[in-house]
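Student: Spelled out, the chains give:
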Amino acid sequence: MEIDRRKFIATLGGTAAVAMMDSEAKADALEHYMEETLDEQVAANQGQAKFPTVAELEAQIENRNYRRGVGSLFVNTRGNVKKLEPMPKNATLQDFFRLRFAPANHVLQSATRALKTGMSEEIILACLLHDCVLNLIKPDHGWWGAQLFEPYIPEKSTFAIRYHQTLRFYPDADAGYEYPDQYHRIFGEDYKPPQHIEATYKMLRNHKWYMEPRLVTVNDLYAFDPNATVSIDPFQDIIGRHFKQPKEGLGNDNSPSAHMWRTLANPDQPL
Amino acid sequence: MRSTLGTVVLLASLFSLLASAQDKPVNYKGLEIAPIGIERAKNVALVDCPPGQNSVRGNALDGTEFAVVKLAFKVTPAFDQKTFVKKPVLTDASGKTFQTSVSIIDAGTRPAYECAFPFRVPAGTKVASVAIDTATIQLAALDK
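Listed in order, the protein sequences are those of chains A and B.
Note that this note's numbering gives residue 108 to position 108 of the first sequence, counting from 1, and the numbers run on in steps of one.
Note that this note's numbering gives residue 25 to position 25 of the second sequence, counting from 1, and the numbers run on in steps of one.
Note that these hints are calculated values from the structure, not bench results.
Treat the numbers as computed from the prediction; the structure is a model and nothing was measured.
Incorrect hints may appear among the rest.
Short derived list, chain A residues pointing at chain B, Cβ under 10 Å [claimed, not checked]:
#1 V70
#2 A175
#3 G176
#4 Y183
#5 A228
#6 G240
Computed footprint of chain A on chain B; a stretch qualifies when at least three of its residues, placed anywhere within it, have a C-beta under 8 Å from a C-beta of chain A [claimed, not checked]:
#7 47-53
#8 56-65
#9 101-112
Heads up, the beta-carbon is just placed ideally off N, CA and C, and yes, glycines get one too.
With these hints in hand, go ahead and build the complete structure from the sequences.
Tutor: Have a look at this one:
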């Protein structure tokens with residue numbers, strides 16, 4: 001089987017992440033990647049991708065020693081976790097991007113697209129931050145993410161982060177959002193969103209800010225290019241204008257989400 | 001007999017002229033855009049234009065399909081690199097319009113490239129044209 005080296009390295013989080021893996025972890029990762037690629041090629045040759053059902057995904061639960069909802073900082077499904085560099089005393093958002101969210105390629109791609117397609121600064125900021133909380137926790141990531149950033153960012157950006165999670169289940173061709181087959185893969189092809197998501201969607205359809213989270217989903221779709229080269233540099237001014245950086249540092253400012261930042265800063269604390 | 005033959009020849013010439021007019025590139029602010037073809041699909045790659053390697057694919061809902069319009073772009077010296085190129089809008093044979101999720105970003109970064117624009121339409125929709133801002137490209141002859 002031919003391996004696309006760049007694509008493979010990107011799935012592991014980039015060359016920096018690969019450099020930190022030992023030989024055994026690299027071998028395991030390669031084997032896992034080849035299995036997945038083979039499955040995709042077979043499905044493509046058959047003319048249609050094969051997606052699991054909800055029941056098939058549930059049957060996999062007891063084959064794992066972790067739960068799917070655990071934050072990326074807390075588990076490595078392909079090897080051991082690594083010792084993290086301590087956060088600086090007065091940690092900034094940029095410090096968290098560098099030391100805890102890295103490589104953050106998906107959110108940087110998403111924000112880059114929002115910037116290049118002329119979206120508002122509130123939307124660009126929301127795109128930049130929309131999935132950062134996945135390092136902490138995955139279920140309900142829209143709500144958790146909004147809570148994490150709410151004390152520091154504009155209300156529209158918080159709204160966009162909170163509700164992008166809901167709108168990802170509902171296509172909107174007029175706004176340029178299609179249902180991604182990635183969701184068939186991770187939720188199951190017969191998945192139906194729960195009642196609270198349906199109710200949230202109905203609320204959003206009639207909300208004057210509907211397009212804020214919708215535009216986050218629109219950029220979200222197009223931010224999974226393993227070869228994209230992105231950086232936080234184009235967003236420094238937007239962060240400076242819209243992110244209220246606490247002088248004590250994130251986690252030390254006694255905000256309603258300070259404890260969440262401390263957990264991200266110190267994920268090895270036992271209690 | 002002679003007049004029937006003449007009519008056939010005339011009609012053939014007209015169709016040929018129409019087809020060549022539809023294949024002819026349209027110039028939009030120094031960007032030459034030519035139609036390549038139209039395909040129908042239920043599952044499509046979602047890749048912006050010029051194309052990268054985004055790995056997400058989109059699915060058509062029941063009763064719908066994607067009309068995938070393929071266009072070729074050629075950047076001429078007259079094209080200003082800062083030009084913001086709007087998304088294409090598809091018009092069907094009845095005049096109804098449809099949006100695509102694909103955006104044209106940094107249109108002048110490569111000299112020439114091809115892009116595929118999926119439009120989710122009711123199954124069997126006949127397409128007429130695609131417009132990028134003020135440039136309209138006729139597609140009816142390609143929608144077999």
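Student: With a cut-off of 10 Å on the beta carbons, see whether A228 of chain A makes it to chain B.
Tutor: holds, 6 Å
Student: Does A175 of chain A hold up as a contact with chain B if the rule is Cβ-Cβ below 10 Å?
Tutor: Status holds, d = 8 Å.
Student: Are at least 3 residues of the segment 56-65 of chain B within less than 8 Å of chain A when you compare beta carbons?
Tutor: holds (count 5)
Student: How about V70 of chain A: closest beta carbon in chain B under 10 Å, or not?
Tutor: violated, 23 Å
Student: Quick check on G240 of chain A please, does its C-beta sit within 10 Å of some C-beta on chain B?
Tutor: violated, 24 Å
Student: Given Y183 of chain A as an interface hint, is its Cβ closer than 10 Å to any Cβ of chain B?
Tutor: holds, 9 Å
Student: With a Cβ-Cβ cutoff of 8 Å, does the segment 47-53 of chain B contain at least three residues near chain A?
Tutor: Answer holds; 4 residues pass the 8 Å Cβ test.
Student: Minimum Cβ distance from G176 of chain A to chain B below 10 Å?
Tutor: holds, 4 Å
Student: Are at least 3 residues of the segment 101-112 of chain B within less than 8 Å of chain A when you compare beta carbons?
Tutor: Since 5 is at least three, the answer is holds.
Violated hints for the displayed structure, listed by number in ascending order: 1, 6.
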